[in-house]
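In this text, residue positions in the sequence shown follow the working numbering: the first is 802, and each later residue adds one.
These are computed hints drawn from the structure, not numbers from a lab.
Each hint should be verified, as a subset may be incorrect.
Have a look at the derived ranges for each label pair, beta carbon to beta carbon [unchecked claim]:
id, residue 1, residue 2, range
1, Glu904, Gly1207, 34 to 42 Å
2, Asp1047, Asp1115, 23 to 31 Å
3, Asp1115, Asp1219, 30 to 38 Å
4, Ala1034, Thr899, 38 to 46 Å
Below 35 Å or equal to it, Euclidean Cα-Cα: the simulated DSBU-like pairs (lysine-lysine) are [claimed, not checked]:
id, residue 1, residue 2
5, Lys1203, Lys1181
6, Lys1161, Lys1203
7, Lys822, Lys1076
Just so you know, even glycine gets a beta-carbon here, dropped at the ideal spot from N, CA and C.
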Amino acid sequence: MTAPAKPPGGEGIVVVGLSHKTAPVDVRERFAVAEGALPALLARLSAKPEIAEALFLSTCNRVEVFARAEGARHDDALRAVREVLREHAQVPTHEEITSYLYEREGEEAVRHIFRVTASLDSMVLGEPQILGQVKEAYDLASSAGALGNLLGRCLTRAFSVAKRVRTETALGAGTVSISSVAVDLARSIFGDLAGHTVLLVGAGEMAEAAAKSLGKGARSIRVCNRSFERAAALAQTFGGTASPLDQLEEELVLSDIVVVSTASPTYVIGKDLVKRVMKRRRGRTLFIVDISVPRNVDPAAHEDVDNCFVYNVDDLEQTVAEGLRARKSEATRAEAIVTAELGEWNSWVRGLDVSPTIVKMRAKTRAVLHAELERSLSGKLRHLGPDERAALAQMMDAAVNKLLHGPTAKMKGENAQDLVRTARELFDLEDDREQSATRPEDEKRVEH
802 MTAPAKPPGG
812 EGIVVVGLSH
822 KTAPVDVRER
832 FAVAEGALPA
842 LLARLSAKPE
852 IAEALFLSTC
862 NRVEVFARAE
872 GARHDDALRA
882 VREVLREHAQ
892 VPTHEEITSY
902 LYEREGEEAV
912 RHIFRVTASL
922 DSMVLGEPQI
932 LGQVKEAYDL
942 ASSAGALGNL
952 LGRCLTRAFS
962 VAKRVRTETA
972 LGAGTVSISS
982 VAVDLARSIF
992 GDLAGHTVLL
1002 VGAGEMAEAA
1012 AKSLGKGARS
1022 IRVCNRSFER
1032 AAALAQTFGG
1042 TASPLDQLEE
1052 ELVLSDIVVV
1062 STASPTYVIG
1072 KDLVKRVMKR
1082 RRGRTLFIVD
1092 ISVPRNVDPA
1102 AHEDVDNCFV
1112 YNVDDLEQTV
1122 AEGLRARKSE
1132 ATRAEAIVTA
1142 ELGEWNSWVR
1152 GLDVSPTIVK
1162 MRAKTRAVLH
1172 AELERSLSGK
1182 LRHLGPDERA
1192 ALAQMMDAAV
1202 NKLLHGPTAK
1212 MKGENAQDLV
1222 RTARELFDLE
1232 DDREQSATRP
1242 EDEKRVEH
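Working from the sequences, and respecting the hints, build out all of it.
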């Protein structure tokens, strides 16, 4: 029985996920994964017989699984990934998450991976953090043995796409991170920050980006973090002061603007804490931007406590939209790069599928003709000498090349998969597509 057709270009690659475009932050945080939990989740994906390769990406704005289906059977792989995600998020039924999830397969899955890595699908177009986040996910999946040749090669191609977008366009000009958008929102509300104190809760990459965006605009920058050493290092870089997390209440009393970005899976700033702080602030407004997913600030603090305003990542979209209009033309140029690179990828994948078939088709045709030639040379043509025999063998090889030139060229074209299946049936060739996707000699192929 002929295998069902699969979408072109992906060779079994699928994507299942949710992002700021399809799910609010309270849904995304249910699917978010702490770094320490990723190896176990990758192991669960790899244990599924329907999945040959897998990568798990978890950021503040998206949770996605990139995978390659075993046997290029997209439907089975998509179902297996959905099941792992549902179990991870502890959602009782698939129906509860269906409206939030998107799925891509084949060529569209590869295009999605390229766009995500190049920051064309980010809330802030051109933000540089996503490339580093995908690379970290790639390293973790590689270390866990979850990546093989094909999906691994797709990711390295995506890194090249992102590099081209960053060097050949100005997509990353201006406001280019969630952290900097958070600072812009603070400026839009407070105007000049010179008379205000800014507190960074957390001392990771997002906090550092926020500090850079603040520059010397704020009166002072304070950093509060679970690890005092990391807080002190960040504070020293920007001329601020540091404190451990157990002094958070005191820091909130002193500060006007708070940017929260920690890896905590639970609230770091709860409603009761905010109530105590606001009582001590004697009516002074407290502005908090929570850019963590899962959220680190209890949203009830915004709803139930006077003069405390809490914003999360989803609240930043209006500020993001204003910056997006200025980068529309650059995004168009970046999309053209993605399309061109996708064409190169499709050609490479077609080569994986077509080359073994062409080799076997030529070998079988050559073997039949040379067998007939040997039969004739042993019979009616046995009087021919070595030179004549060599000339006949050379003529046979030339005939094979001319006879199969047309079919070979067509099999490398747009309808390659249909023609390859037809050729295998007509020539009764062994189906070796799965071996071709991971054969060692592919490592010697040159990436363009």
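| Hints broken by the structure, by number, lowest first? | Hint 3 contradicted; others consistent.
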